[in-house]
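Trainee: Each chain, letter by letter, is given below.
There are 2 protein chains.
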Amino acid sequence: MNENVTYYPREAVQKAVTEYETPFFLYEEKRLRGNCRTFKGAFDKYFPNFRPLFAVKANPNPEILKIIADEGFGVDCSSESEAWISEKLGIKGMYTGNYTTEEEFSFVKDKGMILNLDDISMIPTIAKLGMPETISFRINPGIGKATMENNVFAGPDAKYGVPFEKAHMAYSAAWDAGAKRFGIHMMTGSNVPISEQDYFAGIVRKLFEIVADVKEKTGIEIEMMNIGGGFGVPYHPDEKSLDMDVVAKSIREVFDEQCSQYGLKEPRLIAEPGRFLAADTGFLVSRVHVIKDSYKKFVGIDASANDMPRPAIYGAYHYISVLNDSKETEKVSVVGRICENNDQFVRDRELPKTKVGDTVVIHNCGGHAYAMGHNYNGRPRHAEYLLTLDGEFRQIRRAETIENLFRTTNYGN
Amino acid sequence: MNENVTYYPREAVQKAVTEYETPFFLYEEKRLRGNCRTFKGAFDKYFPNFRPLFAVKANPNPEILKIIADEGFGVDCSSESEAWISEKLGIKGMYTGNYTTEEEFSFVKDKGMILNLDDISMIPTIAKLGMPETISFRINPGIGKATMENNVFAGPDAKYGVPFEKAHMAYSAAWDAGAKRFGIHMMTGSNVPISEQDYFAGIVRKLFEIVADVKEKTGIEIEMMNIGGGFGVPYHPDEKSLDMDVVAKSIREVFDEQCSQYGLKEPRLIAEPGRFLAADTGFLVSRVHVIKDSYKKFVGIDASANDMPRPAIYGAYHYISVLNDSKETEKVSVVGRICENNDQFVRDRELPKTKVGDTVVIHNCGGHAYAMGHNYNGRPRHAEYLLTLDGEFRQIRRAETIENLFRTTNYGN
Chain A
0 MNENVTYYPR EAVQKAVTEY ETPFFLYEEK RLRGNCRTFK GAFDKYFPNF
50 RPLFAVKANP NPEILKIIAD EGFGVDCSSE SEAWISEKLG IKGMYTGNYT
100 TEEEFSFVKD KGMILNLDDI SMIPTIAKLG MPETISFRIN PGIGKATMEN
150 NVFAGPDAKY GVPFEKAHMA YSAAWDAGAK RFGIHMMTGS NVPISEQDYF
200 AGIVRKLFEI VADVKEKTGI EIEMMNIGGG FGVPYHPDEK SLDMDVVAKS
250 IREVFDEQCS QYGLKEPRLI AEPGRFLAAD TGFLVSRVHV IKDSYKKFVG
300 IDASANDMPR PAIYGAYHYI SVLNDSKETE KVSVVGRICE NNDQFVRDRE
350 LPKTKVGDTV VIHNCGGHAY AMGHNYNGRP RHAEYLLTLD GEFRQIRRAE
400 TIENLFRTTN YGN
Chain B
0 MNENVTYYPR EAVQKAVTEY ETPFFLYEEK RLRGNCRTFK GAFDKYFPNF
50 RPLFAVKANP NPEILKIIAD EGFGVDCSSE SEAWISEKLG IKGMYTGNYT
100 TEEEFSFVKD KGMILNLDDI SMIPTIAKLG MPETISFRIN PGIGKATMEN
150 NVFAGPDAKY GVPFEKAHMA YSAAWDAGAK RFGIHMMTGS NVPISEQDYF
200 AGIVRKLFEI VADVKEKTGI EIEMMNIGGG FGVPYHPDEK SLDMDVVAKS
250 IREVFDEQCS QYGLKEPRLI AEPGRFLAAD TGFLVSRVHV IKDSYKKFVG
300 IDASANDMPR PAIYGAYHYI SVLNDSKETE KVSVVGRICE NNDQFVRDRE
350 LPKTKVGDTV VIHNCGGHAY AMGHNYNGRP RHAEYLLTLD GEFRQIRRAE
400 TIENLFRTTN YGN
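If you're matching them up, the sequences are chains A and B in order. Under numbering that gives the first Met the number 0, the first residue of the first sequence is numbered 0, with each subsequent residue one higher. Under numbering that gives the first Met the number 0, the first residue of the second sequence is numbered 0, with each subsequent residue one higher.
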């Protein structure tokens with residue numbers, strides 16, 4: 000995790016824009032592996048049996064998944080397609096659906112995933128398909144935290160998880176249906192910042208309360224504890240990365256304290272970062288095509304909100320670099336080509352003075368970026384390149400063609 | 000335009016769910032043609048030379064486009080792919096890009112579209128490619144209106160259009176570059192409600208001021224006036240449809256008054272509705288798979304925000320019908336399967352008591368619905384069916400497969 004969100008691989012970008020049509024995503028393998036090691040290393044130090052999973056939804060590119068798996072991570076999947084690609088790549092892990100259909104369970108159940116159930120009501124469905132030996136439950140602790148309202152993953156208004164007061168009923172029902180080994184999962188926050196990094200120890204404490212309650216009420220010993228994701232990364236230059244050693248150590252302390260207090264055998268710790276591994280490894284690289292003096296100044300680039308919707312739908316901040324040697328700055332809005340006024344990557348930000356043809360680099364586009372892309376306004380999604388450890392570029396996803404956009408009709412291919 | 004947003008073709012839906020896998024979109028040809036006739040008929044009455052265009056971005060399905068073209072509409076395109084499919088279908092119209100690249104102009108320029116330019120700075124680009132005889136400009140009148148903040152299409156913070164004070168400079172420059180015939184365009188609002196239907200006459204008055212100013216300053220007579228879209232439709236049962244006769248008549252009055260006042264030859268009127276034609280003709284049909292008693296009650300359906308993102312990203316209201324005979328109601332949230340807490344089609348709404356297997360119909364999903372869909376969380380987009388005039392179902396788009404989601408990598412097809 001590089002603290003410096005203003006960093007980007009300037010020379011590589013300079014070279015890439017001469018070779019490839021903009022816009023495109025560029026991922027840095029070195030940084031990706033570095034993030035994996037920072038994360039896994041911090042937990043391995045305190046939890047020799049630690050099981051890290053990557054939240055595929057953050058970046059489902061198969062080549063990205065292979066690198067992360069090579070660093071010792073499994074997968075956290077949330078849909079059939081994520082389980083499908085993981086099986087193709089030989090990566091196992093956990094499956095956390097929500098409002099999962101029978102067809103979905105049926106598709107996923109033989110793909111090497113521990114099923115993490117979102118509700119008691121799913122047990123009969125699973126049992127019908129054949130109860131697995133191991134089952135986990137996602138718990139809603141009744142409280143939640145996130146930097147953006149839409150990403151609240153717990154609390155009374157959240158659609159996720161078994162209410163913690165009913166957890167023991169869920170485990171009992173699973174036991175009765177034939178499950179023999181159990182996990183517990185909580186995913187309550189998103190992009191939790193350094194200022195609140197004691198949050199993770201807090202949710203572990205809450206999980207132990209539930210584990211103890213389940214043991215007391217049902218005799219079931221929970222063997223795995225998945226603390227979810229939500230490990231925040233800096234987007235703004237004023238923000239700092241979580242200190243993973245501090246986070247892991249604080250969780251270690253809660254483990255020691257709680258296992259002793261409740262007389263529990265230590266469960267295996269699992270975590271499922273997505274953004275933390277991938278976000279700062281990816282850059283959306285685009286070119287300036289139009290500079291417009293309207294009521295204010297707009298810099299029009301060839302990338303649009305359909306490539307990376309976070310600013311459009313969340314108002315999210317992304318740092319932007321302009322690849323030129325301008326000493327002057329000016330206040331501009333950097334906008335895309337979609338006919339929605341929210342297609343603005345930044346609004347009224349002081350940036351180096353740009354001209355047509357300049358390269359614009361949008362940072363923190365490695366997680367929840369391409370993955371959230373769409374085709375509104377008939378805009379195709381663009382290519383992804385990997386800057387490999389040996390400094391070469393490798394295309395890891397081609398751009399969509401116009402024909403691709405119509406391939407599910409009689410007109411494309 | 001049916002006033003009754005609670006309407007849906009119940010018998011057809013009942014039949015369709017026995018034949019097709021949910022979720023799917025169902026469009027009603029009869030209603031679509033009806034909306035086209037209501038809209039075009041109202042304007043034809045007052046403007047014999049009226050030119051209606053359909054905003055393809057609202058629903059780019061080729062079979063939908065064919066029906067609308069058959070009703071006498073051209074197209075309003077905003078991207079290469081929209082121009083591409085229109086050319087394939089033999090439909091001409093207008094092209095309004097924004098921050099348009101040279102490649103984009105080059106692709107579009109021979110596709111039978113009048114180019115509607117978003118900025119003066121685009122003239123040299125166009126001129127380089129060969130100046131067309133006819134050019135239109137999109138004007139930003141400095142004021143705007145919309146029911147949702149993200150859809151403000153004009154005003155000082157809007158990225159669109161030539162500031163109206165500079166309009167004459169744009170026309171002069173186009174003339175100098177070789178253009179001989181001119182249009183003017185304004186798209187300032189979205190989903191304008193009946194309570195503000197005098198808004199359309201207002202923008203026409205504003206356009207005439209600019210037309211007169213341009214004539215006075217440059218001698219150029221503008222021959223076409225495109226008043227954009229933004230014709231609102233009811234989403235909530237308490238809302239009413241615009242009265243298109245009143246709207247068209249009010250515009251007629253402004254035309255008469257302004258042409259006389261400024262001594263202008265009457266320009267040809269153009270409008271480009273999207274939502275107004277398509278929205279209420281489409282229904283997202285899904286089934287209940289999970290009913291969850293958490294801190295409150297959630298009804299989990301097989302459709303998700305990736306099928307129709309308006310509630311997730313705008314908090315938009317959509318009417319929902321539950322196809323059962325329940326006399327009881329209960330307050331529930333209807334949610335999809337994506338791991339974002341905004342994947343809730345309705346929150347805490349009183350609906351007929353549902354059970355697993357019930358069909359849930361989300362209304363007003365014919366425009367800006369499938370078109371805004373995406374694949375986040377690895378979720379495929381689903382099929383589209385047309386209920387034809389003779390009461391048959393026709394598949395007009397198949398569902399995406401998992402392999403399709405990975406086809407731009409080495410793993411799908």
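Since the hints were derived computationally from the structure, they do not count as laboratory data. Be careful, since some hints might not be right.
No copy is singled out in the list; a pair is fine if it fits within one copy or between any two copies.
Stated by the list, open to error - The list that follows gives simulated cross-link-like pairs (lysine to aspartate or glutamate, EDC-like), each with its CA atoms no further than 16 Å apart: (1) 352 to 238; (2) 354 to 327; (3) 87 to 402; (4) 65 to 329; (5) 330 to 156; (6) 110 to 10.
Trainee: Going through the earlier hints one by one, which of them does the structure break, listed in rising order?
Mentor: Violated hints (numbers, rising): 1, 4, 6; every other hint is consistent with the structure.
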